[in-house]
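A.B. asks: Residue numbers (this note's numbering), protein chains in the order written: chain X, 1 to 324; chain Y, 1 to 324; chain R, 1 to 399; chain V, 1 to 399.
Derived by calculation from the structure, the hints in this document are not laboratory data. None of the hints are false.
From the derived model, a few chain R residues whose C-beta atoms are all more than 10 Å from chain Y:
| # | residue |
| --- | --- |
| 1 | Gly73 |
| 2 | Arg83 |
| 3 | Gln131 |
| 4 | His287 |
| 5 | Tyr300 |
| 6 | Ala303 |
| 7 | Asp320 |
| 8 | Lys329 |
| 9 | Thr342 |
| 10 | Pro347 |
| 11 | Ser371 |
| 12 | Arg372 |
Below, simulated DMTMM-like cross-link-like pairs (lysine to aspartate or glutamate); rule was C-alpha separation at most 20 Å, straight line:
| # | chain 1 | residue 1 | chain 2 | residue 2 |
| --- | --- | --- | --- | --- |
| 13 | X | Lys42 | R | Asp288 |
| 14 | Y | Lys251 | X | Asp277 |
| 15 | X | Lys251 | X | Glu204 |
All residues carry an ideal CB built from backbone N, CA and C; glycine is no exception.
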Amino acid sequence: MTATTTMTYLQAITDGLGEAMRADDRVFLLGEDIGAFGGAFKATLGLYEEFGPDRVQDTPIAEAAIVGSSVGAALAGLRPVAEVQFADFVSCGFDQLVNVAGKMHYRTGLAVPMVLRLPSGGGFGGGPFHSQNPEAWFMHAPGLKVVAPSTPADAKGMLISAILDPNPVCFLEHKNLYRRIKGEVPTGLHTEPFTARVACEGAELTIVAYGQMVHTALAAAERFEPGQIEVLDLRSLVPLDEDAILDSVRKTSRVLVLDEANETCAAGAQVAALIADRAFSDLDAPVRRLATADVPLPFSPTLEEQILPTPDRVTEAVRELLAY
Amino acid sequence: MTATTTMTYLQAITDGLGEAMRADDRVFLLGEDIGAFGGAFKATLGLYEEFGPDRVQDTPIAEAAIVGSSVGAALAGLRPVAEVQFADFVSCGFDQLVNVAGKMHYRTGLAVPMVLRLPSGGGFGGGPFHSQNPEAWFMHAPGLKVVAPSTPADAKGMLISAILDPNPVCFLEHKNLYRRIKGEVPTGLHTEPFTARVACEGAELTIVAYGQMVHTALAAAERFEPGQIEVLDLRSLVPLDEDAILDSVRKTSRVLVLDEANETCAAGAQVAALIADRAFSDLDAPVRRLATADVPLPFSPTLEEQILPTPDRVTEAVRELLAY
Amino acid sequence: MAPVSSPAQPLPADARGSRRQIDRNSDLLPRGSSEPRPSEPAVLTPADRTTLYRFLVLMRTIEERGVTLYKQGQLPGSFYDGRGQEAISVGAAFALGPDDVISSPLIRDLGAHLVRGTDITEIFRQYLGRQNTLNQGREGNMHFGDHQKGVIAPVSMLPDMMVVALGLAMAFRMRGEQRVALSFFGEGATSPGAWHEAMNWAGLRREPVIYVCENNQLAYSTPSSRQFAVRPSERAKGYGVASELVDGNDVEAVHAAVHTARERALNGGGATLIEAETMRMNGHGSHDDASYVDPELRAYWEARDPLDRYAQVVAELGVDLDAIRTTVKAEVDAAAETALATPLPDPATAATGVFCEGEPVELGPGDAPWSRFAGRAGGPVQAGEANDQGGLRTEEATR
Amino acid sequence: MAPVSSPAQPLPADARGSRRQIDRNSDLLPRGSSEPRPSEPAVLTPADRTTLYRFLVLMRTIEERGVTLYKQGQLPGSFYDGRGQEAISVGAAFALGPDDVISSPLIRDLGAHLVRGTDITEIFRQYLGRQNTLNQGREGNMHFGDHQKGVIAPVSMLPDMMVVALGLAMAFRMRGEQRVALSFFGEGATSPGAWHEAMNWAGLRREPVIYVCENNQLAYSTPSSRQFAVRPSERAKGYGVASELVDGNDVEAVHAAVHTARERALNGGGATLIEAETMRMNGHGSHDDASYVDPELRAYWEARDPLDRYAQVVAELGVDLDAIRTTVKAEVDAAAETALATPLPDPATAATGVFCEGEPVELGPGDAPWSRFAGRAGGPVQAGEANDQGGLRTEEATR
Ligand SMILES: Cc1ncc(C[n+]2csc(CCOP(=O)(O)OP(=O)(O)O)c2C)c(N)n1
Ligand SMILES: Cc1ncc(C[n+]2csc(CCOP(=O)(O)OP(=O)(O)O)c2C)c(N)n1
Ligand SMILES: [Mg+2]
Ligand SMILES: [Mg+2]
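Turn these sequences into a full structure, and let the hints steer you where they fit.
C.D. replies: Listed below in structure tokens is the structure:
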């Protein structure tokens with residue numbers, strides 16, 4: 001039996017960083033305001049005190065340099081873990097990420113073991129520039145791994161796995177889960193594979209989700225009979241656990257694919273296309289998607305609620321599909 | 001009857017730029033080496049001489065400033081048409097494009113009438129940084145229109161439509177069509193709507209494609225009976241002509257979705273997901289996709305040919321689907 | 001700073017053919033330079049001074065009310081203010097003409113919106129996320145701009161709006177208009193690449209753009225000593241951009257610097273960067289207790305409060321400062337009350353307007369309350385009667 | 001250049017608390033600074049000079065052969081060369097120690113690969129798109145780096161590899177290693193934002209990094225007068241980055257400048273930018289006839305050809321230059337022949353290796369042919385015997 005502690009999703013991340021840094025002195029952190037201040041979300045709180053200024057580095061406001069210098073440090077044999085203050089600002093370092101980090105191994109044979117921590121997602125009034133879900137951009141950029149945990153245990157385990165991975169990993173941590181979600185987290189150097197996880201078993205319909213949407217899906221699933229709705233938590237988007245998706249859909253024959261990201265070309269589009277090709281003959285209903293409309297996420301609560309997928313809207317879509 | 005001239009795809013672009021500039025003196029061009037030199041691909045050849053240095057501006061190497069200053073000029077009432085030397089370098093101006101240009105109208109009510117010309121695509125030994133197809137990134141960024149013509153007439157007509165459009169338009173012009181494809185092009189201020197076009201009618205199977213892949217699809221279609229294979233040229237990705245896609249698939253009941261872009265989360269994923277939801281009951285076979293694998297496009301001819309969808313591979317996929 | 005060695009072997013001038021022979025830059029020389037206009041000094045009348053003071057008080061009063069609303073839990077998200085920096089946005093905007101464009105005021109720059117004449121009830125509505133005409137509730141605190149007043153809303157990505165300002169300035173120059181674009185940003189915003197692209201281009205092309213850098217010692221928790229080794233006004237020299245370092249807590253110094261920069265721009269002299277040194281007196285946002293700030297440093301700047309300093313100047317004109325404060329407070333109270341009674345936005349509007357369907361709207365002229373602009377291009381603007389909507393009638397204050 | 005006004009009202013020093021009181025930069029002072037090492041002058045022995053000359057000739061000969069292959073239609077894509085700029089990549093790389101890393105040589109910098117000991121047959125193979133160990137045929141001309149020699153392949157996006165070099169330097173400093181990272185780029189590559197982010201960070205943190213800017217008058221068709229208003233070596237002063245302007249057609253001047261920069265970096269003095277002035281003598285690529293270049297300008301630089309100039313120096317040592325040229329030509333011919341007989345890459349490999357599956361490979365040491373490094377950390381490298389694979393045995397040339 002592994003020992004566990006109850007932690008928030010955010011505490012699990014801090015714990016994961018600390019464990020990885022204790023285990024391997026090549027691991028260091030860099031980002032804006034992450035030092036003595038502990039970061040905009042306090043994810044690095046206490047680490048500056050424990051590990052000192054070289055291993056917990058405050059940087060200028062310079063996302064391209066944060067990503068690019070991480071690539072350089074990784075090539076030199078270190079294990080950088082960079083924080084982008086909000087995932088939205090990754091667009092300022094986009095080129096370094098997709099062109100330098102992502103393509104390095106294929107082009108040169110050199111590995112780039114780095115992690116980019118991306119506090120992402122909405123649902124708390126962040127507005128258009130503090131709520132983005134950029135993961136599909138990275139999925140469409142060969143050479144980047146992309147993971148998006150939904151629970152504290154996965155947040156810690158997948159973060160440590162990402163740090164151990166010899167490739168650049170985009171680690172999407174959902175800001176709206178930081179303090180909202182608590183759970184048992186294994187102590188020590190806990191790792192989690194980049195595979196999907198059945199969050200709730202069911203026989204009649206599969207909801208595919210990741211990140212915050214897993215909780216939205218679970219809330220909806222609770223409104224049906226136990227054992228009716230299966231919720232598949234993708235956890236990893238690249239690699240995508242195609243077998244887990246197809247297995248679940250073959251079992252249930254009905255599927256709803258959820259995205260918090262804007263609908264067009266989102267992760268869910270890829271999942272739906274996969275199912276439409278490889279599980280076609282097992283389907284009893286159309287492959288339905290529910291996603292955030294193609295709109296910048298608005299600030300006011302009434303507007304934001306209207307745009308994001310909610311348990312109510314998921315429930316409605318599930319009902320429709322079950323009745324198909 | 002409209003008068004037409006035979007032109008290459010590239011000449012049609014130059015012609016379109018000239019016509020738009022003659023018709024509206026708010027239209028001006030900016031980009032690297034586009035002035036007296038006429039641009040890396042000679043798309044602006046002769047325009048500097050005709051319109052002078054203010055309306056055909058050489059810029060420093062600064063993609064963020066090219067995009068961002070175009071936004072400013074557009075807000076001031078001009079109609080900038082910016083050239084990115086190769087579409088690959090748009091990643092350096094990505095933030096200005098998705099965050100400033102794309103979200104402006106929703107956030108502020110101010111329109112950003114600008115066009116970003118993106119010479120894109122592979123098939124001629126350009127290697128990982130001169131062959132990219134970035135359109136799916138823009139499709140996943142609300143507020144940007146995205147078009148990708150495949151013929152000279154459409155290149156001119158959609159370019160003029162893009163310049164007339166009050167929104168930021170990413171205009172993907174395929175480098176490998178520039179000199180390879182010739183056709184009749186209407187003279188004067190010819191426009192084309194942002195809708196799909198049936199490139200070749202057929203009853204048994206639809207190939208959905210855009211850009212260079214339309215020609216790949218047509219080459220494959222020729223290997224079947226006339227009237228068998230329908231090729232739908234999307235032409236516009238945002239807005240996506242959903243009705244045209246669904247109409248064609250409902251008619252043929254079989255569909256192959258082609259992408260030159262890397263497979264995961266490509267335009268084709270969105271198209272396939274759309275079909276799997278809204279044309280599910282009309283399908284007689286899985287929704288199949290053929291795309292470039294998730295690999296940076298390699299340089300050597302043997303490698304590049306292996307990665308890009310070819311008429312042979314399209315033919316094989318069509319055969320399989322017809323036999324399903 | 002690291003040592004800078006002098007050029008080892010400067011080449012003869014004729015080796016640099018690019019400057020001599022294939023230079024086509026003259027193509028792009030600003031139109032303005034062909035018809036030089038007489039420069040005017042930054043003279044402020046007593047009424048101007050009273051107006052300036054009133055704007056300072058208005059900004060402080062609105063933001064204090066905002067902090068209170070935040071503490072009362074009335075505001076979605078955090079609250080961002082410019083306490084201690086009021087002289088910069090007020091002084092800078094006051095030097096602009098009606099057709100100039102601000103792209104953009106950032107979170108410390110409420111004063112710029114006020115000077116341009118933005119309705120203060122609408123400002124409270126946007127703070128509160130209520131239905132409003134500035135951003136329809138779509139954007140967070142301070143992410144708005146009244147484009148009818150020549151103000152463009154900022155994006156969060158720093159300092160992207162500098163580049164947009166460059167494009168505006170380029171358009172003004174190309175059309176031969178006597179207008180400038182002005183962009184505000186913090187010293188932390190000088191580190192991203194966009195800053196460089198804007199500065200390089202502005203210096204090279206001599207665009208009529210004014211960059212106002214508010215060096216408030218901090219970028220969130222990060223002191224400027226961890227942001228750069230050479231201060232922005234020095235660095236500007238590497239771009240051919242004129243620069244000036246001013247006391248950012250002196251509203252008239254800021255005003256004069258922006259006025260000079262504007263004259264330079266309109267005379268074809270190109271871009272200017274003004275570094276206004278100041279201090280952020282509150283947290284990064286109201287959620288931040290700023291406990292990382294040295295109390296002595298805070299005390300130094302507290303003693304140089306821009307409102308207190310300017311109050312002395314204006315009091316000497318015989319103006320009743322208390323009357324100004326009282327009137328402003330009443331206005332602000334009324335605006336906040338009205339805003340609090342305003343409903344949240346209609347959810348049915350949430351997904352509309354991603355694309356422009358009709359004709360683009362044009363940028364409108366802003367208020368230009370400085371007496372210099374009275375009866376000029378901006379129309380009927382009179383000194384001291386600048387702002388009909390914000391209730392900024394200075395005659396009330398001056399009696 | 002636009003006028004730069006002097007600071008209007010410099011504030012008292014104690015107003016800048018960020019520098020005084022909450023400065024934590026000292027945390028990050030380079031380790032190297034605590035144990036100063038004696039600086040050594042850039043002395044070149046006759047054997048070193050001969051080796052340098054040989055590298056210049058080798059670069060020129062390989063690239064001339066490349067142009068011929070291009071004209072014969074043997075090369076996929078275009079061909080990019082550094083004619084006229086050979087002294088820069090050769091001189092700079094020659095000043096590096098074995099454990100230093102180049103990130104990266106760009107398309108004008110073949111000499112850097114040669115000095116580090118990259119196999120020239122492999123170089124021809126990559127030109128021709130054939131199966132090769134440098135980039136497996138995955139990358140276009142000149143987009144390679146032999147990481148076993150401490151060289152990282154460049155990306156096309158300019159100047160992204162400056163930022164990667166920064167990260168390498170950061171790692172060297174953090175581990176207390178006596179190593180530097182060096183990055184090459186053209187003057188056109190100073191305009192993108194990445195340049196600024198790298199320069200700012202390098203100056204601020206005093207990272208042991210050397211930036212070599214090749215100001216070759218042109219960026220494709222664009223003269224430097226349309227790229228910036230202030231030259232890069234001047235602009236560097238705005239970053240706290242030491243800088244030097246050198247004659248880029250003088251291989252010893254470049255070598256000395258990089259040597260000095262390296263000493264500075266290893267002694268904790270931080271980053272240096274070297275602007276080497278030169279001229280691109282061919283088109284941007286072989287597809288470009290460069291008809292936009294002024295013939296007089298070309299003639300000026302033609303008369304200052306770096307090979308011709310250095311030939312005089314080396315001839316005075318009594319070295320048989322013809323013998324060097326003949327040996328080099330034979331080597332190059334042999335390499336080109338072998339490369340032409342090499343098959344194209346196996347299509348089965350096209351999609352492999354996007355991700356790293358096992359342990360990351362480490363960067364290897366490069367050749368460090370300068371006599372200064374003979375018998376040092378790099379192992380058995382002797383002056384004049386630098387390169388086993390490229391056949392660069394100088395004793396052949398010097399008899
Ligand atoms: C490109 C980018 N990266 C990160 C952020 C997050 N962020 C918001 S404000 C801020 C500090 C800005 O400091 P400064 O520019 O000095 O302005 P101030 O807040 O001091 O007025 C940061 C890092 C951002 N807005 N943009
Ligand atoms: C970010 C970016 N934009 C555009 C290009 C296209 N491009 C390739 S080389 C070049 C000119 C580079 O000039 P310079 O840096 O002076 O190097 P040189 O070719 O003169 O050696 C351009 C614009 C690029 N490589 N990267
Ligand atoms: Mg600041
Ligand atoms: Mg150059």
